[in-house]
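Participant: Make a model of the complete structure from these sequences and hints.
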Amino acid sequence: MLVNVECLITHIRWIFVLLFGFPRYLEATSKCYNSNGAAEADWAIVYKAPARNMGKALIASVVGWQDTPDLTVSPGNVVAKPLEHVIAANDANKFIAYNNIPPDIPKVKTKSNSKGVLMMNPQGADEAAWIVHTVPGFPKALRGYVFPPAEIQKGHLFICLTIKESEIDAIAMALRIATPLIYHNDIPDSEINSRPNLKKLVNGESRLTPPLTVTRQISTAAAAGLKVAIYSKGEKSKYEIYRKVLVKKLKTGIKVWTTRDKILKSDCRILNRNIKLVTSPITIGDHASSLESDVSHWLISDPGNKFCAVDKPYHKSQTKEPAMAVCIDDATIFGHFNLIGQNMLVNADCFIMHLRWIFILCFSFPRYSVATSKCYDLNGGALADW
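Numbering-wise, the sequence shown is residues -28 to -1, 1 to 358 according to mature numbering (1 follows the signal peptide of the UniProt record, and there is no 0).
Nothing false has been slipped in among the hints.
Here are the computed lysine to any residue pairs in the SDA-like style, where the Cα-Cα straight-line distance is at most 20 Å:
(1) K216 x P275
(2) K136 x A196
(3) K83 x L153
(4) K234 x H287
(5) K223 x T185
(6) K208 x K220
(7) K81 x V174
Hints are computed from structural coordinates only; laboratory data are not their basis.
Facilitator: Take a look at the structure:
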């Protein structure tokens, strides 16, 4: 059969298209991925606005919010790709998955609200990742990728951190205090037994014993990776995590996006340690969200460069419950969420407190006269003849 030059060129073109024209998805590992799941990433933060299948993503080394593909299908997106060997078995990825509403397990009682996946490669490579998210009943361990249909109507937050395996035990210590409900664990015993906090976490040990709060510092795997602080409190601490833990640890005021009850309000009792509540609506890039349909809980320091995802809303009830916050110190991430959180509610108590401080600063201290070549009274507030 005679093949002319034009046919040969056409065949070569099709080979080129098939090899290079479509995304080349990597073999999934215990790592985070970029917006379309085509390349590994040191970290990723995804915000899915209510009633949307797509989301907005901040990705390491990429500028600005990126549009994601459909997050409800697998594998070609920033959420599904890191979970590829969570939803299906693979010897190079073992994990624990925790969720206060575990998939297909009805009527489970827990005071925790934590949701996430901690995974690692038990083979030779030093590969691990920690995913923190807000979706109940997700992901289904080893049973395929199913994004709960009811959750599409809600706003959700996903954080993926690529880490070294040496960080796993610090994360496990913070999780121990937060007492998450673990619904899957297939990490080999050899890996668990070499990490004392991970062993206690999966065995449910020391749930209610001191310390009642804990702080752990980790970083992502890249040489210039993110610096991350994890703050946890136990249910016996009786601490309100926003005021008693986060404001104290961050040493700044905070701006908070979360649902709130009728008890806890904006709090301006301590100068430079204010709690300001972000109000609806907000916009993530060009995606809108509101408190009525957004179940994420996050805050930013005021001032500063810190962004925190918190697993409990700003409700009084969480003083008697475990809670955890993951705080990232990064000016770029902070800048994006600071732009989102521009609308703030300042209640009457805060307004009165501000007036009090103005009064104190203006009238409560001695008003010294401008110095001249004269004598003054005892406190220097008035002229004297001698």
